[in-house]
Amino acid sequence: MAVSIELTKEYGYVVLVLVAYAFLNFWMSFQVAKARRKYKVFYPTMYAIESENKDAKLFNCIQQRGHQNSLEVMPLFFAMLLLGGLRHPAVTAVLGALCTVARFFYFTGYATGDPRNRMKIGVRLSSLAGVGLIGCTASFGISLLVRETA
Amino acid sequence: MAVSIELTKEYGYVVLVLVAYAFLNFWMSFQVAKARRKYKVFYPTMYAIESENKDAKLFNCIQQRGHQNSLEVMPLFFAMLLLGGLRHPAVTAVLGALCTVARFFYFTGYATGDPRNRMKIGVRLSSLAGVGLIGCTASFGISLLVRETA
Amino acid sequence: MAVSIELTKEYGYVVLVLVAYAFLNFWMSFQVAKARRKYKVFYPTMYAIESENKDAKLFNCIQQRGHQNSLEVMPLFFAMLLLGGLRHPAVTAVLGALCTVARFFYFTGYATGDPRNRMKIGVRLSSLAGVGLIGCTASFGISLLVRETA
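Just so you know, the protein sequences line up as chains E, W and X, in that order. Residues 1 to 150 in the numbering used here are what the first sequence spells out, letter by letter. Residues 1001 to 1150 in the numbering used here are what the second sequence spells out, letter by letter. Residues 2001 to 2150 in the numbering used here are what the third sequence spells out, letter by letter.
Note that these hints are calculated values from the structure, not bench results. Here the structure is a predicted model, which is why all the values come from computation and not from measurement. Hints may contain errors.
Chain W is faced by these chain X residues, among others (derived, beta-carbon under 7 Å) [said to hold, decoys possible]:
1) Val2003
2) Ser2004
3) Ala2079
4) Val2094
5) Phe2140
No residue lacks a Cβ here, since even glycine has one placed at the ideal position from N, Cα and C.
Let the hints inform the model, and build the full structure from the sequences given.
Below is the structure:
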């Protein structure tokens, strides 16, 4: 039996969480651009080499891994947000908002230059929320499979 | 009140813009593969080191940042295309097509070897279109929240 | 004429294939973390430099390109999975499952340290399945455009 996709009001929050994450990413890329000018790491160089630039680790660590890691998780985060939200829109929106906030702390924690600081608020919050989001997505998939035929 | 997702005919153009962007990316990865053979930069090396390869900057600049940057924006671009298109399919399809064309100019501009050329047609067009796409996506999210109950 | 999105039971498999790919990626990132400890390549370094680390090629090759390449194709793979599945859910689920299995072989093949091993099962299977997925996605887009008005 086919299921019509119906979007409840709460799905609007899911979409806006995605838009918020987009703005966070733009903010992070501005921070990276500022760091490029400050530490003289020019395109196309993605990661500065320590033997060539005394601020290499700071640039790589503070900004690039904070930003690049955020880009790496984006496809997964968006997919789970949009799919999990089809069945659990309120929960998904809250978990997605937590991930976005955690991502901010992850970035600023990385910005101290010490990669271990990223293990604090940012990663723990994201991991917990991420597990929740996978759960919502799997729940949505399973709900389609077990739906009884009328 | 729940909203059924209904796809108008124009959403077909949104989907085909996504397919076009996919083909553009395959074309770019072929260009990168050709450059790897030409400049002798072999896997798993992602970016050539200037002290080891006289064509390093050309390879890194011309191809990799053109291709890699395109991959970086893909999750965001696709999400906004597909969500914004649910409410503004014609506008979204046009903006998405502009982004795809701009991405082509960005890649070939980068291919001259001078990263500043990428600031021209490619980036300005993409930025304007991107703002439009975020607007369509936010509009879609807000429309779900403010929909009056019958 | 607008088309309501209706998800058949088989779309549940499409969603679960996406969840499986997510788990595969988490597994790969654990392998990368293990390799970081084993070969002493610490954050924020993404790719080890051969002149500084005798295991550089092994780390870069075995793990990072296996994992990073998987992350690079993820936006495209997810988009085609979810869109193609709206029209061809059973075919899309099977092709997506094949891509996930192929990605596993790609990663373990890369793990031997010789990048050419990745050209075997992993890439051939993925390429064939990928062509199929693009086909499903284009088919879905075209079906929206040619749908006759009632």
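Next on the checklist: Holds or violated: the hint that Val2094 of chain X contacts chain W, with Cβ atoms closer than 7 Å.
Outcome noted: 20 Å, violated
Next on the checklist: Please check whether Val2003 of chain X passes as an interface residue: C-beta within 7 Å of a C-beta belonging to chain W.
Outcome noted: With a minimum Cβ separation of about 5 Å from chain W (threshold 7 Å), the hint on Val2003 of chain X holds.
Next on the checklist: Please check whether Ala2079 of chain X passes as an interface residue: C-beta within 7 Å of a C-beta belonging to chain W.
Outcome noted: OK, holds: Ala2079 of chain X within 7 Å of chain W, min 5 Å.
Next on the checklist: Under 7 Å is the threshold here; is the Cβ of Ser2004 of chain X close enough to any Cβ of chain W for the hint to stand?
Outcome noted: 5 Å, holds
Checklist entry - Should the hint that Phe2140 of chain X touches chain W count as held when the rule is a Cβ pair under 7 Å? => result 6 Å, holds
Checked against the numbered hints above, the structure violates only hint 4.
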